[in-house]
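With the hints as a guide, dock the two chains, each given alone in a separate frame, to form the complex.
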Amino acid sequence: MSVSIDGVEELAASLQDLDESISDNVQEQLEDVAQQIAVTAKQYAPIRTGLLVSSISAIVLAQWVVEIICDVGYAIYQEFGTSRIAPRYFITQALNENLSGILDAVAAGVTAAINEFGG
Amino acid sequence: MSSSVGVVTATVEAIDNASPVFEAISGDAATMAGNISTDVSNMNSTMDTTTVSLRSISSGIIAVGAMGSTIASLASSFGLVDSQTAKYIRTVMQMVELVGEAMRVYNMLTLLTQGHAATVTVDTTAQTANDTAVTEGAAAQTALGTAVMAETTEQTASTSALSLSTIAQNVWSAATSFATSVCDALNISYGTFLILTGVGIALVIAASVAMMSFASNMNQATSSVKSFNSAAAATPQRRITSSERELRHF
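Those protein sequences? They're chains D and C, same order as listed.
Using the numbering used here, read the first sequence as starting at 1 and increasing by one per residue.
Using the numbering used here, read the second sequence as starting at 120 and increasing by one per residue.
Treat the hints as calculated values from the structure; they're not laboratory data.
No experiment lies behind these values; they were computed from the predicted model shown.
A few of these clues could be false.
[What the hints assert, rightly or not] In the SDA-like style, the derived pairs of lysine to any residue whose C-alpha atoms are separated by at most 20 angstroms in a straight line are:
{"hint": "1", "chain 1": "D", "residue 1": "LYS42", "chain 2": "D", "residue 2": "GLU31"}
{"hint": "2", "chain 1": "D", "residue 1": "LYS42", "chain 2": "D", "residue 2": "SER23"}
{"hint": "3", "chain 1": "D", "residue 1": "LYS42", "chain 2": "D", "residue 2": "TYR89"}
{"hint": "4", "chain 1": "D", "residue 1": "LYS42", "chain 2": "D", "residue 2": "PRO87"}
{"hint": "5", "chain 1": "D", "residue 1": "LYS42", "chain 2": "D", "residue 2": "ILE85"}
{"hint": "6", "chain 1": "D", "residue 1": "LYS42", "chain 2": "C", "residue 2": "THR128"}
{"hint": "7", "chain 1": "D", "residue 1": "LYS42", "chain 2": "C", "residue 2": "GLY125"}
{"hint": "8", "chain 1": "D", "residue 1": "LYS42", "chain 2": "C", "residue 2": "VAL126"}
{"hint": "9", "chain 1": "D", "residue 1": "LYS42", "chain 2": "C", "residue 2": "THR130"}
{"hint": "10", "chain 1": "D", "residue 1": "LYS42", "chain 2": "D", "residue 2": "ASP32"}
{"hint": "11", "chain 1": "D", "residue 1": "LYS42", "chain 2": "D", "residue 2": "GLY101"}
{"hint": "12", "chain 1": "D", "residue 1": "LYS42", "chain 2": "D", "residue 2": "ALA86"}
[To be verified] Facing chain C, from chain D, some residues (calculated, C-beta under 8 angstroms):
{"hint": "13", "residue": "ALA12"}
{"hint": "14", "residue": "ASP19"}
{"hint": "15", "residue": "VAL53"}
{"hint": "16", "residue": "VAL66"}
{"hint": "17", "residue": "CYS70"}
{"hint": "18", "residue": "GLY73"}
{"hint": "19", "residue": "ALA75"}
{"hint": "20", "residue": "ILE76"}
{"hint": "21", "residue": "TYR77"}
{"hint": "22", "residue": "ILE91"}
{"hint": "23", "residue": "LEU95"}
Glycine included, C-beta positions come from ideal geometry on N, C-alpha and C.
Just chain C, same shape as in the assembly (with noise of 0.2 angstroms):
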């Protein structure tokens, strides 16, 4: 209140909680760019020590760049996982992976997909050579036993991109009901959410809590006038005594 007697002030304070968000925001971002690549380079190994020789489709792999600008976003997605100012904005963040876990299980399902075809072809290329072993005689058999092996590999990946199809399927399903929920209550275009969800999301959500802890200083601050007032009333109130009248008479 007043720092001279009998002044009456009034403060109105609102407590900016949006920009520690936007910090840890541009931190996360970050960082998550540098995961992205670290992860990418990791796969760039796993691919080179893989028997069939992935190597071959990288033409096809190099689509995979376009996804650049999602991966963009899916950093400032993951960079919000990290802030921890609020369980709504928790909630909204926990989707925000959810979506950007669901676009990495897609690209991983796309690379898979394409080794696939490209194992498809090497076996292709193993079945020719088996063909003309078979033709040439026995020593061409260990080229069929490599084909076979080639066959069975081809396999597992095939199997394993249709389970990682089913999981991201489900897990994309999940995350864009979420994300559309999400939208609508938010009043925003699913592209728009997807192109700013970094910003946009954290920004509203910033917003209302920024206003929910204003909100609750002024609750706070009302009910403190109330006190005030409700101590004021059962304070006893000072009297003029009748010895101080007859000296005011005097």
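Chain D extracted, bound-state conformation (with noise of 0.2 angstroms):
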């Protein structure tokens, strides 16, 4: 009696065609959802010059980590206020308004995933 085991190496590069696809599709989703943080950060920024606003972008440092950026430096005092200028929180509001937006795009990334290589 014998018995041989074949497929392993195809299991092996399936997943890794898995994983490798699974990076992407994530990194793809949450590079458009650090987009529409940012437009939602436009929308609540306090608008005098338009600098603050011209200077929020996002940016991809690494794989799966975004960053939105308020590039001038009195955006803090806008974002958290002084004792003269009142909170505007514009970068947290349009943070805590994307937060399920953010999973849904995780979400979406991994699901996309799935559906191109799980079957």
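In structure tokens, the structure reads:
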């Protein structure tokens, strides 16, 4: 009697493909949602000269790591306020509004990978 | 937060817990495949040393080769068992292990059942030899004794097979019930579960774990923002002193 086990290499290859697909899809989704957060933040940001709004952007720091940045020196005073400036929380609000969207984005990325390689 | 003074940044990071799980599955599947080959080899050795010639049923046992795909799935299932990324995964993996073990028991049961049939054949042959021996004289009594021993061996094998059958039925029933509940929870078909157990379950669970980690990080991030806000609110605000005001007027 003999039993041959085959398909182990194929299984490993499939898992690797699946892993890469998840990485790519989730990354893509995260970038999209980061852009959405930036757009939302611009909507909440105070406008005087437009510099603050125009400095808001989303960038990719690493795999599955994105950053929403308001790249002017006085942004923190507008965000959290001072003794004379009311806090606007434009970044915080944008994050809070898109929290579920972030999770949905990750789920969508994983789902796309499942559909692609998981049958 | 920011690298420049006054700049506000918010970092969104998702933790990839799936990749290590996939790597573990790949490694464990290969290990399990090797272990199964070793088990089969040991089984062969045991059969070779069995008094009753199980070789006569080798043609029947070859049918076991048909379970190659099942064993391949079993390998991946057992591979999952070793991945200990989360309690949830371990729970599912225990179930997968249960299914795999039931399959293993069933396979052994198949062997014993076929062995039983073979020994019945051997016993029938022995009985025939016995009848002949009785007719031919006292010398045939030895053959009869041998036949009786074969009968005893066959009965033992039969009893073992029945015992294993009961165990296998119980294990299989429990595993099937549990697997069904998992299938329902994951909204996948039972067929998909059986075929894609190694991949599908790990993927879904790993994804869930990834998302849970992600959610946890976001909660921490949100919490940190709140802490910052609280700290900022509690910080005494700097006010222009009268001397500074005078200085400005000057």
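### Message
To test your reading of the hints: which numbers does this structure violate?
### Response
2, 15
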